[in-house]
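Take these sequences, add in the hints, and give me the full structure.
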Amino acid sequence: MSKKELIRRIVRSKFFMLGFILVMIIVICILAGPRILPHDAMTMNLSDRLISPQWFAKGTNGYIMGTDALGQDLLTRLFVGGRTSFLIALFAVLGGSVLGTFMGMLAGYYGKKWDTLIMRIGDVQLSINTTLLAIVIASILGASVANLIIIMIISTWVKFARVLRGEVMMIKNKEFIHASRVLGASNFHIMFRQVLPNVTTPLIVLISQQFGQIILLEAALSFLGMGVPMPQPSWGTMISEGRQYLSTAPWIVVAPGIALMTTVVAFNFLGDGIRDVLDPKMKH
Amino acid sequence: MDKPLKNVLEIKNLSVEYHTDFGVTHAIDKINLKIKRGQAMGLVGESGSGKTSTALSILRLLPRPAGIKTNGEIYFNEQLLDSINEKKMQKLRGNRMSMIFQNPLTSLNPVFTVGEQISVVFQNHYKMGKRESLVRAGEMLEVVGIPRNRILDYPHQFSGGMRQRVGIAMGLACNPELLIADEPTTALDVTIQLQIIELIKELQKKYETSLLMITHNLGIISELCSVVSVMYAGTIVEYGTVREVFMNPQHPYTIGLLNSLPKIVGERNKLTAIAGSAANANNLPEGCKFYPRCPHCMEQCKKDFPPFIHLSQSHSAACYLYEDKSGGKINE
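These protein sequence lines map, in sequence, to chains A and B. First residue of the first sequence? That's 1 in our numbering, and the numbers climb one at a time after it. First residue of the second sequence? That's 1001 in our numbering, and the numbers climb one at a time after it.
If you're looking for bench data, these hints aren't it; they were derived computationally from the structure. What you were told as hints is all true, and nothing was included just to trick you.
Okay, the calculated bits of chain B under chain A, using three or more residues with CB under 8 Å as the criterion:
#	segment
1	1086-1093
2	1106-1116
3	1120-1126
Here a beta-carbon is modelled for each residue, glycine too, at the ideal position from N, C-alpha and C.
Next up, the structure:
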């Protein structure tokens, strides 16, 4: 596909454009937001607690989204919490996709024993609810950002492995793979230099979809107190803290809730959009 | 050349079976083949007669776990192929023995440029750098008649004939001693077929490559090859120079095969065909595999497989007809 054609498809895909723009806005906000806003995410100011959103009445100096029960600026915490969520999701998706791709390729390419072993482990894992599994691991390992990433990797690699296995099984029987073997290619070369480039499309789509899912899972765990430890803000913990004040100060819950929803929707749109752009033949 | 012509490839008593859930398929039954340096051999036979299995067993790439070589030896340059390990075999493939595939539309990787695909062969075998191997890939493209600047194009930007040229460039990249062409023109239209055949012929002469041409197109054999082996149901039934076999076929199957070619000139007749259908490799008859369809079938044919009868210095057929007819006159 030429660059021109690629750009044409990108512009024509509504999903991609919408998802991409939303993701860009969110990323810019969480990166630049805390630098622009005057408040600190973790400084408490009890005289200013539970202030309702002032919007832009006092410019950026006021509490645009209001404050929480400890008098912390909600918008600042939203952005800083977003940073944590994105960081965790980034590492988790990278780790999960690398592990899952490797396992899926092993299972798909060598088949037989490898396939049985890896896919049965995956099946067992999928039979347990992801959140439940994450809670169990989190309670064993304890709550910290590093542990969260490990939990996410463990709970996402199966999805990558399953998709990759199927794709690899299809590709490995194509004639051009046979041709490269006849021309003296080793298994390693065939796996990583012939098969892998042919499965990048589903891989990219899956990565962008899983990104949203992981942010959601992270929020769920944090909500349950198994995620990001206390003083550090995260969307899940913010919702958790704010739920006691739901009737009197609903903005504490609504703000991170909307942020979470927008992010997940944006990444799902982006994932669908990427698939439309890279593989217009594959219509679901 | 001063030194005597070596056998680049020698197959002795090769048998191959496929073990599947439906039973054992005898794909190849004790065949013998010899290809000398620079010689072009044609291997003809109908679908399922074991031509491709022969090629795959030479490359040691029979589909696993179903395909099993049950008997025989394959010598490449007088070296027994069964004795060398997989790593060395990988070094032979693509470098000293190579293959051109039937379907050029599917035998190229769609996500790489043709330049990258040809250069990978150099990188694998000559430990060449990326840049240098791309230059060599460009040279190979010119050898097969494609402008050098097209190394940056992807397979889908080429026509079928052009892609087969790329396939040939990949096959010949390391100047192999043996080139196996598995029906390289079947997927192409007739005018392109001729071009590809001419190209293979020219390059085979130029590089003194030995060629094993697998096809069911007798015209291609007569154009390209000097000797021909006719296969039927996993056995070689007739062997000889192209002239002898085509002008004076001896085995009833070869006679039938040549008779069933449509004639372009002359009166329009119904196409003659060999009676019956091709032997079922799952359930082969005892003795000569061809006897159920043979017009000259005798009792002896049903019991034992006939030995090769040498009809001349270079022509032999596996048929009892000739032992009976000219028992004394056989020229060893």
